[in-house]
Amino acid sequence: MSTLFQTFIAPFSEFEFMRRALAGALALALGACPIGVFLMLRRMSLVGDAMAHAILPGAAVGFLLSGLNLFAMTAGGLIAGFVVALLTGLVARTTELKEDAALATFYLLSLAVGVTIISLKGTNIDLLHVLFGNVLALDDQTLLMIAANASVTLIVLALIYRPLVIECVDPGFMRTVSRAGGPAHLAFLVLVVLNLVSGFYALGTLLAVGIMMLPAAIGRFWARDTTLMIVIATASGAASGYAGLLISFHAGVASGPAIILVAGGLYLASLLFGRVGGLVRQAFPGRHLEA
Amino acid sequence: MSAALRFRNLTLGYDRHPAVHHLDGAVETGALVAVVGPNGAGKSTLFKGIVGVIKPLAGRIERGDPNPQNIAYLPQAAEIDRTFPINVYDMVAMGLWRRAGSFGGIDRAARASIEQAMDAVGLSGFEDRAIATLSGGQMQRMLFARLLLQDAHVIVLDEPFNAVDAKTSADLFDLVQRWHGERRTVLTAMHDIDFVRANFPETLLLAREPVAWGHTANVLTPENLLAARRMCEAFDQHAELCPEEQAPPSPPFSEAARAGIDPQP
Chain B
145 MSTLFQTFIA
155 PFSEFEFMRR
165 ALAGALALAL
175 GACPIGVFLM
185 LRRMSLVGDA
195 MAHAILPGAA
205 VGFLLSGLNL
215 FAMTAGGLIA
225 GFVVALLTGL
235 VARTTELKED
245 AALATFYLLS
255 LAVGVTIISL
265 KGTNIDLLHV
275 LFGNVLALDD
285 QTLLMIAANA
295 SVTLIVLALI
305 YRPLVIECVD
315 PGFMRTVSRA
325 GGPAHLAFLV
335 LVVLNLVSGF
345 YALGTLLAVG
355 IMMLPAAIGR
365 FWARDTTLMI
375 VIATASGAAS
385 GYAGLLISFH
395 AGVASGPAII
405 LVAGGLYLAS
415 LLFGRVGGLV
425 RQAFPGRHLE
435 A
Chain V
297 MSAALRFRNL
307 TLGYDRHPAV
317 HHLDGAVETG
327 ALVAVVGPNG
337 AGKSTLFKGI
347 VGVIKPLAGR
357 IERGDPNPQN
367 IAYLPQAAEI
377 DRTFPINVYD
387 MVAMGLWRRA
397 GSFGGIDRAA
407 RASIEQAMDA
417 VGLSGFEDRA
427 IATLSGGQMQ
437 RMLFARLLLQ
447 DAHVIVLDEP
457 FNAVDAKTSA
467 DLFDLVQRWH
477 GERRTVLTAM
487 HDIDFVRANF
497 PETLLLAREP
507 VAWGHTANVL
517 TPENLLAARR
527 MCEAFDQHAE
537 LCPEEQAPPS
547 PPFSEAARAG
557 IDPQP
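If you read the protein sequences in the order shown, they are chains B and V. For the first sequence, the working numbering begins at 145 and goes up steadily by one. For the second sequence, the working numbering begins at 297 and goes up steadily by one.
Quick caveat, the hints were computed from the structure, so don't treat them as lab data. It is possible that some hints are incorrect.
[To be verified] Chain B stretches covered by chain V per the calculated footprint, using a threshold of three residues with CB under 8 Å from any CB of chain V:
#1 148–155
#2 276–285
#3 321–328
[Stated by the list, open to error] One side of the interface only, derived from the structure: several residues of chain V facing chain B at Cβ under 10 Å:
#4 Ile357
#5 Thr379
#6 Pro381
#7 Asp424
Cβ coordinates follow ideal geometry from the N, Cα and C atoms, glycine included.
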């Protein structure tokens with residue numbers, strides 16, 4: 145009994161930084177996982193990844209101007225994200241370059257600019273911090289920001305849920321009944337950037353998108369309707385956060401990658417055994433029904 | 297008799313090339329109009345113009361009812377993402393958008409109307425089916441159920457009976473006639489000339505230029521059909537500017553020419 149306690153609860157009851165990390169990871173899962181489900185359903189999975197890199201120079205400029213100041217880095221990240229999104233849209237519409245190519249050019253440029261800026265002023269420690277985040281070093285301010293972002297995400301998502309779903313399934317229908325489709329999509333993109341900024345602090349620019357997309361993909365293997373998919377994604381995101389922190393604590397590995405690896409393990413299991421289109425299910429579908 | 301739609305020297309098209317050229321005329325409230333013409337005649341373009349998806353290159357469309365929510369539109373190739381995890385019930389419920397909007401609840405009366413609509417198209421029992429599992433005909437039935445719930449005054453159907461079997465198209469045409477009986481205005485793009493002759497009181501024959509518009513029997517004559525077939529389909533890349541002042545005067549599709557068409561069934 146006491147070993148169970150030692151293994152699963154004591155790390156959090158004894159160490160404050162673990163409690164903070166857990167709170168941060170859970171809040172992150174609450175906001176980012178529903179967003180990830182919609183990114184996946186809109187076939188924008190890689191857009192999230194690209195945007196995660198794109199926000200780096202903004203955060204870096206904020207860091208350059210005012211050090212590890214939360215507000216400056218967040219605002220900078222948001223601005224950089226939107227600049228890249230707007231430039232991408234502009235280039236895709238006005239030139240022969242398609243949306244994906246335009247986004248790829250700008251996010252790579254953005255990433256390079258960001259790393260350069262950080263290396264100009266900061267140390268290698270700073271660079272590592274930005275690239276990989278540090279969920280074990282969340283201060284009050286950061287924790288509050290992640291929680292606030294999660295709350296805003298859930299509220300806004302509730303407000304735009306219906307138009308967003310219709311816009312995803314049948315954009316043509318949405319256009320004929322309402323003008324809400326465009327604004328809903330825009331609000332959704334703002335939420336994507338907001339959650340990437342959250343993920344940025346906890347998991348770093350390289351892995352921030354992992355807590356969005358892996359749980360979403362897990363959900364896809366277990367649910368046939370959107371609501372359940374979101375619930376499963378969020379639950380597996382939260383479970384990954386908890387288990388990842390535990391593994392990181394006991395095995396002494398970096399916490400961010402540990403969280404993503406747990407999510408990855410859940411994903412592989414779902415890929416194999418998922419109820420909806422899992423590989424084992426496909427190989428052994430069982431006898432067909434009568435009608 | 298008020299017009300549900302009135303076209304005034306309407307030209308619609310893409311990249312300044314007209315796909316519907318100088319169309320004049322009016323669709324009376326409660327009319328059941330077949331829009332007939334070869335591929336590329338501008339039928340779909342006209343419908344997109346009516347619902348406001350594309351803007352006129354010249355001229356204008358006057359809607360008897362300015363509220364765009366009162367026009368329901370079934371496109372020829374719906375942009376539906378069939379892999380999206382949503383069931384038939386929720387898809388049909390979208391038809392209640394005007395009543396429910398982004399936040400409105402779906403109350404008991406609304407649920408009853410959803411069930412009625414699904415029953416009317418013969419999809420009772422399909423409520424929980426994912427749309428990915430529907431056949432082409434079932435999909436079309438589902439979209440008709442959604443149209444039923446939209447409760448629009450003007451209904452625009454772009455080749456609704458293509459690629460569905462005889463039973464399905466007969467069932468769905470019953471709904472069209474029901475709408476006609478309720479004095480809704482229905483425009484339907486059709487390819488089956490015999491079916492149009494048998495079922496539609498009024499026909500617009502389009503071949504980029506309007507060829508004829510009026511009583512179906514007067515419009516679908518061999519001469520008119522031949523004329524429609526001859527009209528060139530392709531865009532002329534080097535077309536001259538259309539001389540506005542030499543645009544043909546309004547073709548004789550005025551109300552007078554179509555007097556005697558009773559939009560009542």
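Each hint, compared with the structure:
1. 148–155: With 0 residues in contact (Cβ-Cβ under 8 Å with chain V), the coverage given for the region 148–155 of chain B is violated.
2. 276–285: violated (count 0)
3. 321–328: Holds, because 3 residues of the region 321–328 of chain B bring their Cβ atoms closer than 8 Å to Cβ atoms of chain V.
4. Ile357: violated, 15 Å
5. Thr379: holds, 9 Å
6. Pro381: holds, 5 Å
7. Asp424: holds, 9 Å
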